[in-house]
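Participant: All chains should be built: construct the whole structure from the sequences, respecting the hints.
As they're listed, the protein sequences go chains A and B. The numbers in the first sequence follow the numbering used here, run straight up by one, and end at 80. The numbers in the second sequence follow the numbering used here, run straight up by one, and end at 1121.
Rather than coming from a laboratory, the hints here were simulated on the basis of the structure. Note that the coordinates shown come from a computational prediction; the quantities given were computed from them, not determined experimentally. We put the beta carbon where it would ideally sit given N, CA and C, even for glycine. Be aware that a few hints might be false.
Stated by the list, open to error - Sample of chain B residues facing chain A (criterion: CB under 7 Å; computed from the structure):
1. Q927
2. A940
3. D944
4. P958
5. A960
6. S1015
7. Y1019
8. F1051
9. L1057
10. Q1061
11. M1072
12. V1073
13. Y1113
14. V1116
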Amino acid sequence: MTMTREDIARQREVALVDLVDRLLAGGVVIGGDITLSIADVDLVYVGLRALITSVATADELGLSLPAAGGAPFR
Amino acid sequence: MAELLWAYGVVPARQGPPAVAGIEGAPVAAVRDGGLAALASPVPAERFGGAELQRRLEDLDALAALARAHDGVLNAAMEAGDVVPFAICTIFATPEAVRGMLAGDADRLASALERVRGMVEWGVKGFAGAPEPVSSGARPSSGTEYLTRRRAEREQLAASSSELESAVAEAHERLARFAAGATLDRPQDRRLSRREAEMVLNGSYLVARERADAFAALVRALAGHHAGLALEITGPWPPYHFVREPRP
Chain A
7 MTMTREDIAR QREVALVDLV DRLLAGGVVI GGDITLSIAD VDLVYVGLRA
57 LITSVATADE LGLSLPAAGG APFR
Chain B
874 MAELLWAYGV VPARQGPPAV AGIEGAPVAA VRDGGLAALA SPVPAERFGG
924 AELQRRLEDL DALAALARAH DGVLNAAMEA GDVVPFAICT IFATPEAVRG
974 MLAGDADRLA SALERVRGMV EWGVKGFAGA PEPVSSGARP SSGTEYLTRR
1024 RAEREQLAAS SSELESAVAE AHERLARFAA GATLDRPQDR RLSRREAEMV
1074 LNGSYLVARE RADAFAALVR ALAGHHAGLA LEITGPWPPY HFVREPRP
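Facilitator: This is the structure we're talking about:
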C-alpha cells in the first residue's frame, strides 16, 4: 500500500490516547544492557497511564487537544 | 557531553534508517549486527540517565513528546518496510551495547520480524449508537398501562443491549478472521475517546499491507450490519500489539 502525503499528515495527528493504548500494550521489552532498571520501566507505564488521565482532565477543563485521527464509518 | 542511545525498534539490516528526526530532533541511525538493525538516536545522558529520566517522565508534556517522537520514527520505518517496535524508553549506553543486544536477542527479534513481515496494524473502535426513544410521550392513562410500558421499555433496552453485544462480538470475530492477528484493549473512557457515544470495541488487527483496502471495506460492511454500532478505523500503525511473545 502506498502512503499519500495526506495519510502521513493524518498519522501525525493521531490522538494521543490511541497512541498511549499502543505504547502500554506493545513493543518488545529488552533486558540486559539498557540503562533503565525494571522499576524505572514500570514507572514509564505509570507515567503513560497518568498521561491518559491527564488527557481526560484537559478535556474536562475544556482545553483543546488534537481530535481523534480516525475516519468515521457508518 | 555524554550521550546515550534511544532505541526505537528493529528492522531488517538491509532496510536503512528512516529519514525523520527522532527524540529532540536528533538524527536516527541504523546500528547493525548480523541481519538486524536497531534504529537509534543519541540523547543527552544528563537528561536521559536513570534518575533524570525518571524525573522527566513525571512531566506529562515531556512524556507525550517522547511518545510522539518514538511513534514518529516507528511510523516512518513502517512506511519504508518492516519494523518491530521496542517498548518506549529503551535506552542503551553505547552502540556496542545495542549490537550486543541485537546479537543476544537475535532469534527472538528475527522471529518477531518474521511474524509481522509485510503487515501493519489497524485499530478499529466501535461506538454504541444513541439509544432510540422507547415510548411515546403521552402520559399513561392507568397504573396498568404504566407498568406495561415500563416492562416494554426494560425489555427493549435489554434486547438492544444484547443485540449490540452480539454485533460487537460478530464484528471483532469477522475482523479477527480476516486478520493475521487480533487483540482487544479495554474500551476508552468516554472523556478520553472524546465522544458522547460509549466505546464498545477497541480492537487492533494485524493485516497484510496489500489487504488494507479490503480490510477497510470489511469494516464499512460490518458497520452497515447494525445501525446501533458505528465503527472507526485508525492507522496504519507499526505493529505495536503484535511483537511481544505470547506469555508462557
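Participant: Hint by hint, say whether it matches the structure.
Facilitator: Consistency of the hints with the structure:
no.	hint	verdict
1	Q927	6 Å, holds
2	A940	6 Å, holds
3	D944	6 Å, holds
4	P958	4 Å, holds
5	A960	4 Å, holds
6	S1015	41 Å, violated
7	Y1019	36 Å, violated
8	F1051	15 Å, violated
9	L1057	10 Å, violated
10	Q1061	6 Å, holds
11	M1072	10 Å, violated
12	V1073	15 Å, violated
13	Y1113	3 Å, holds
14	V1116	5 Å, holds
The structure is inconsistent with the numbered hints 6, 7, 8, 9, 11 and 12, although it conforms to all the rest.
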